[in-house]
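J.: The lines below spell out each chain.
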Amino acid sequence: METQTIITSNDQMDDAVSTITRSGASGPLLADFKAIGEATASDGSTKYSHAPVMVWLAKFIVGSAGGPHKDAPIFELCHLVSAIDALSEGGSDERALFFLGVEKALPAVYRAALDEKLEFGDWLKPGFERTENGIGVYYDDDGFEVRFGRMPFLAALYEFLTGLDNYDFYTELNEIFDDLSQASIDLEAIKTASNRISARLRKYRREHLTRAQHDEKFDRIFGFLKARENAGERDGQICIDDPAVLDFWLEFSTVGEFRAYKTVFDGFVNFMRALEEADQQDTIENAAIIGTDFEAQEIEPDDQSDGLDGLGDWQSPLNILDAEPANQIKFFKKEGERKPIEALMQYGPYAGRLPRSFMQLEVFGSIQTAITTDLQVKRGETSVRQRLDCRDAMAYDDKREQFQTILAHVRQLQKATYFVLAGQDAADLGDNIVAFGAQNPDSVFEAARHNDNLDDIEMSSDFMADAVDAFSKLTRKGFNEDMLEDPDGIEGFRMGAGALLSISGQLETFLTRMAALDKDGEDLNSKFDQDKQVFSNQFNLLYGDVQ
Amino acid sequence: MSDYKIPGDEKLQAAKQKFSELSQIDELLSSSEKLSSVSPSALFAYANGAENETVEKALGENLALRRIYRDMLEKNAVYYVPEAMAASSAKKSDDILSREGKGCRIRMEPSRAEPNQVYVIVELSGNEKVTPTTLVVCDVEANCSRFPLPKIRDGVAQIIADRDADLVRLLSDPKTEAFIR
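Heads up: the protein sequence lines correspond to chains A and B, in order. The first sequence: position 525 = 512 (our numbering), numbered continuously. Position in the second sequence counted from 1, then plus 92, gives you our numbering.
When the alpha-carbon atoms are kept at most 25 Å apart in a straight line, the in silico PhoX-like pairs for lysine-lysine are as follows:
hint	chain 1	residue 1	chain 2	residue 2
1	B	K267	B	K194
2	B	K221	A	K104
3	B	K126	A	K326
4	A	K464	A	K320
5	B	K126	A	K91
6	B	K167	B	K267
7	A	K365	B	K126
Simulated coverage check for chain B against chain A, where a stretch passes if three residues somewhere in it have a Cβ under 8 Å from a Cβ of chain A:
hint	segment
8	94 to 100
9	155 to 162
Simulated from the structure, these hints should not be mistaken for lab results. Heads up, the beta-carbon is just placed ideally off N, CA and C, and yes, glycines get one too.
One chain only, chain A, in its complex shape (with noise of 0.2 Å):
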């Protein structure tokens, strides 16, 4: 099992908190990965997309990406870079025109641009072969595949590789991958190559990334959570829970590091993530890492989302609809249908696991952020002030209404979705075969979008007339007719599909944990009132003397 990240979206939060986060990461570090991330196409768009690429080049970073050998993408890496070589003469330029020269970094386009070289010429070197997902790499009786669904990472390793401390490592890269183009395929020649760019990487990374603010952080949340442990008498456990969190913050918040309530949130999410997967270690050190099909991004969708209790590598379903071709379809508008469950979708199992925490984060945190915001653009006294009292914080019962209101809509693109989809499947037998349906609409959905036997599958005239009419009502980009007829539009609602079950999953079950949390104790409006209160004597006592 990879590592998982947990972001928020929300770039206005982000802004205020990462001056207040960065602690780990040096600036040309930074500097180094946020140039790959804002490479752009001509039309604007980023190169590589957000997740999975540029999630997982930050795993890369930071080692923890390669699963027991951390460098065994530039092992993978060696192997491409061996393979487009061996397809001309022309050595780097060559080289740079395959890995810098694609403008969207998708496994289709890798594909296309092999496939035309092979148009106009074969393998100039023996043990490279063009397979049904990519390439082929053969030596010393052994073989080695890099498929297409891996190449827009390895482009993404390749061009940090080649960006690497301001160029620093260009030349020598280039000469690495020189003599091993030079050479016969062999395990050796690609060992040695490896070898030379992990011995450089290493050293970028002591240089670049230090763990000693990291490693403060994780003992003051764990000695606070064994102190609670002591006088709470449990045997041996630590309990993270709601007040956890908040206690953590209300103590912690005026010493600097943990000022922000979302930097208190993130770090319990990321502190139970620690524990539990230092808990599956020798599950991560026996697995099989390389080119696995997540990493791939050919898998089905919803193999990579996960239900509220899993703890498996959860991404935010919300990127899948930004892939090509599900980002076609206007599954959400923006501020009004996306914004709102961007860091529910992000924070995925662990917003569930901490309800009234990530209610906070949602309601309290935001005007936190907007303080902060205050601040350093110096809008001055009035505007924090303003913001101090918390008055326009939305209350917890809107917040749960509007997650009410998103997933309604969520369960319209799912019946839109199950039409185009079984719709699909109807017309490919037959015209008199209209509809179909099942107890459950769930199953009906992941069976419509797997193109499961359709004789298997209960007819339900109802349902059918339920997604024609959702599709129908929905005006919006992408829900038309024409898209019926468009493969491409067809494959980007299989792919939303996987997302939207794995959404209305996530909304169903907080929706769930809100009402376990108005039914414990004092119902929702209470906790709002209660938390407004605490939010706002310590919003006051950390900000309450600005000028």
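Given the coordinates of chain A, assemble chain B onto it according to the supplied hints.
T.: Only chain B this time, still in chain A's reference frame:
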């Protein structure tokens, strides 16, 4: 709510390492600091003719980056004209330089009609499949200037420029080198 058994020393160290990695990942992905850095693909695109003010600005400030850019230019150029000092065929007359590279020659001739103007004549004799569109001239510190080439007829492109124009000044400097792509 989640309960965890208090980990032993070994597991605690593993968790600490993991916590650090997760925090570093968050930091990388959420940083919104304004950091000026040019991605290799942006530099590569610029070396291949794309316009990019950020790259231009960074090149103006960073010698190391200019050298990489020059390297990319060289690798992607259709024709290369080295600095005149190294080229035995360089000729100099009336402060106007003529210089040659493999498959190409760049010479300058004064305009008879306008004494303040000069014809920059780019002659291409190579059989390259790609039709060049840009002339890039770089000085010893890899400060490079780009000049669009007019349509090439029978292997010749002609540019008329003022005597004090950048193009003429750069080509008159024997230590500059030119890339045609």
